[in-house]
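Required output: the full structure, derived from the provided sequences and hints.
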Amino acid sequence: MSDLAFNLSGVSKTYQHFELSDINLQLQKGSVMGFIGANGAGKSTTIRILMGLIHADSGEVNVLGHHMPKEQVSAKWKIGYASEDMRLYDKATIGWHMDFMQSIYADWDADYAKMLLQRFDLIPQQAIKGLSHGQRVKAGLLMVLARRPQLLILDEPTTGLDPVARHEVLNELMDVLLDDERSILFSSHNTGDIEQLCDQITFIDKGRIIQSQDKETFLDSWRRIRLDINQDTILPKLQGVVEQRQSGHQAVITTKLFDDQLSETYQKCGAVVRAVEVMTLEEIFVAEVQSSRQAVNAYGKTTDSKGAIA
Amino acid sequence: MNALMIKKLVSIDWYLNRLPLTIYAIVGLLALVLLNMPSIAAFYVGTVLIVSAVIVVGSHLVFVTLVRDRKSQTLAFVMSLPVSFMDYTMAKVITNLVGFLLPWLVLVLGTLMVIHTSETIPNGLMPFSVILLLELFVAHVLVFTVTLVSESEVWAIVVTTICNISVSLFCFFVANLVGIGEHMQATHAVFNGTFAAVIAIELLCIISLITMTFILQSRKKDFI
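Protein chains in written order, with the numbering used here: chain F, 83 to 392; chain V, 2 to 225.
It should be emphasised that the hints constitute simulated quantities derived from the structure, not laboratory data.
Keep in mind it's a predicted model, so treat the numbers as computed, not measured.
Errors might be hidden in some of the hints.
As the list claims (entries may be wrong) - To give an idea of the interface, some chain V residues facing chain F are shown, with a C-beta separation under 7 Å as derived from the structure:
hint, residue
1, L17
2, A77
3, F78
4, M80
5, S81
6, S85
7, S209
8, F215
9, S219
10, D223
Beta carbons are placed, not taken as given, at the ideal position from N, Cα and C, and that holds for glycine.
Right, here's the structure in full:
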């Protein structure tokens with residue numbers, strides 16, 4: 083039996099003004115993947131392909147051992163899916179939705195659902211129509227979480243939430259993570275949310291996966307190095323350097339392949355290392371996207387995870 | 002097909018529309034009472050009421066079960082359930098067929114009963130009435146299948162309007178049809194070959210529209 087929650091292999095989908103190309107993405111069971119991309123990068127399209135809601139033009143999609151979209155019904159019994167643009171029925175109450183879900187899913191955890199009602203401060207008798215955006219999102223998540231699915235696919239669930247509601251939702255998702263068997267794909271353009279929750283990070287831009295690694299590797303390998311240089315200093319072009327800015331006697335290097343030897347290399351060239359700064363996930367994301375776009379513009383091709391032109 | 006989930010999806014639509022459907026049923030029953038009253042005025046009011054109720058039920062079903070699913074973004078919720086797009090299609094076809102057929106059958110039976118029992122209305126109107134009432138059903142099937150396949154509110158409105166305008170043209174056409182028109186004022190109903198042919202064409206339209214819907218839906222690659 084596969085230890086992958088899902089596996090996208092060579093998946094492509096072409097629209098008139100957008101192309102999702104050659105997506106290769108895997109998630110180990112029990113892992114939490116943050117799926118980061120700007121608006122229109124292809125996050126939702128990828129997720130919809132995973133859910134069988136969109137058929138890929140080419141490639142293989144396997145979710146929890148089921149081929150998608152052919153076996154989507156079997157797969158969906160085990161998947162909890164919530165997206166930013168998903169709505170419950172306006173006319174019905176939260177309680178009706180809970181009963182409806184319970185009538186479908188044998189694994190529905192009524193006690194957990196009641197606990198979530200309290201934590202999210204929701205009233206079962208309340209109609210969806212009268213709920214705020216935050217309450218609607220929380221009600222939607224309740225329907226997904228109380229099913230205790232093997233795989234949670236959350237497409238920008240925190241978008242548009244106020245800080246308090248976001249905090250509540252993220253806290254609940256943190257609790258979900260205590261279950262080692264559960265896998266989560268969490269898409270967002272909010273890197274702060276991803277950084278809190280996820281152990282795997284995937285960046286997508288313009289329909290291409292530009293990076294996919296575990297979070298620690300990401301954070302450990304990216305650094306911003308500030309150098310003092312003089313006019314004669316010629317900085318070498320090193321592998322992994324995605325940006326090199328010089329202004330007068332100062333230079334700022336952004337690298338995705340940092341190690342201690344890198345500082346020594348610059349020192350040998352006559353530069354003085356003033357600071358080696360740890361980068362936030364947001365800074366890494368922006369740098370990675372810019373670097374990828376520059377590579378595409380310069381060569382018409384993409385870069386691989388090591389920064390080499392493919 | 003996924004019978005359990007199709008049943009669940011149909012039950013959602015019935016639950017969410019139970020109030021308007023109950024109101025339409027009451028209007029239909031009221032119309033039947035009027036049709037049975039020994040007054041020409043009551044007959045005309047009853048006829049207009051019941052035909053209107055059937056047309057409104059059809060439009061209501063299309064807009065609340067198909068158009069609103071997309072507009073109010075509940076389709077994503079439905080499609081997150083263990084259903085395929087063909088299950089969704091089947092559920093919507095069942096909802097729209099059954100939801101329309103119930104009041105429509107009352108209309109057909111009520112109309113035939115009134116014509117049969119009334120001393121002032123000639124029985125010769127029966128074939129014409131059946132053809133006309135079946136046309137309402139064909140029109141409803143056309144509207145909901147076009148809406149289902151096109152996923153477009155605009156198309157739903159356009160086809161609904163065309164169908165409603167076409168009712169009077171269709172009446173005119175059938176009333177002037179050789180084999181139908183000349184028997185309309187007869188004291189007994191004449192169910193001849195022309196009648197059978199028109200009914201067969203109408204039924205064929207219904208079957209073709211539904212079959213085409215399933216074929217076109219099965220070829221779709223993007224559902225949301």
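Right, here's what the structure says about each hint:
1. L17: Holds, about 5 Å.
2. A77: 4 Å, holds
3. F78: 5 Å, holds
4. M80: 6 Å, holds
5. S81: 4 Å, holds
6. S85: Holds, because the Cβ-Cβ distance from V/S85 to chain F comes to roughly 5 Å (cut-off 7 Å).
7. S209: 26 Å, violated
8. F215: 17 Å, violated
9. S219: Violated, because the Cβ-Cβ distance from V/S219 to chain F comes to roughly 11 Å (cut-off 7 Å).
10. D223: 5 Å, holds
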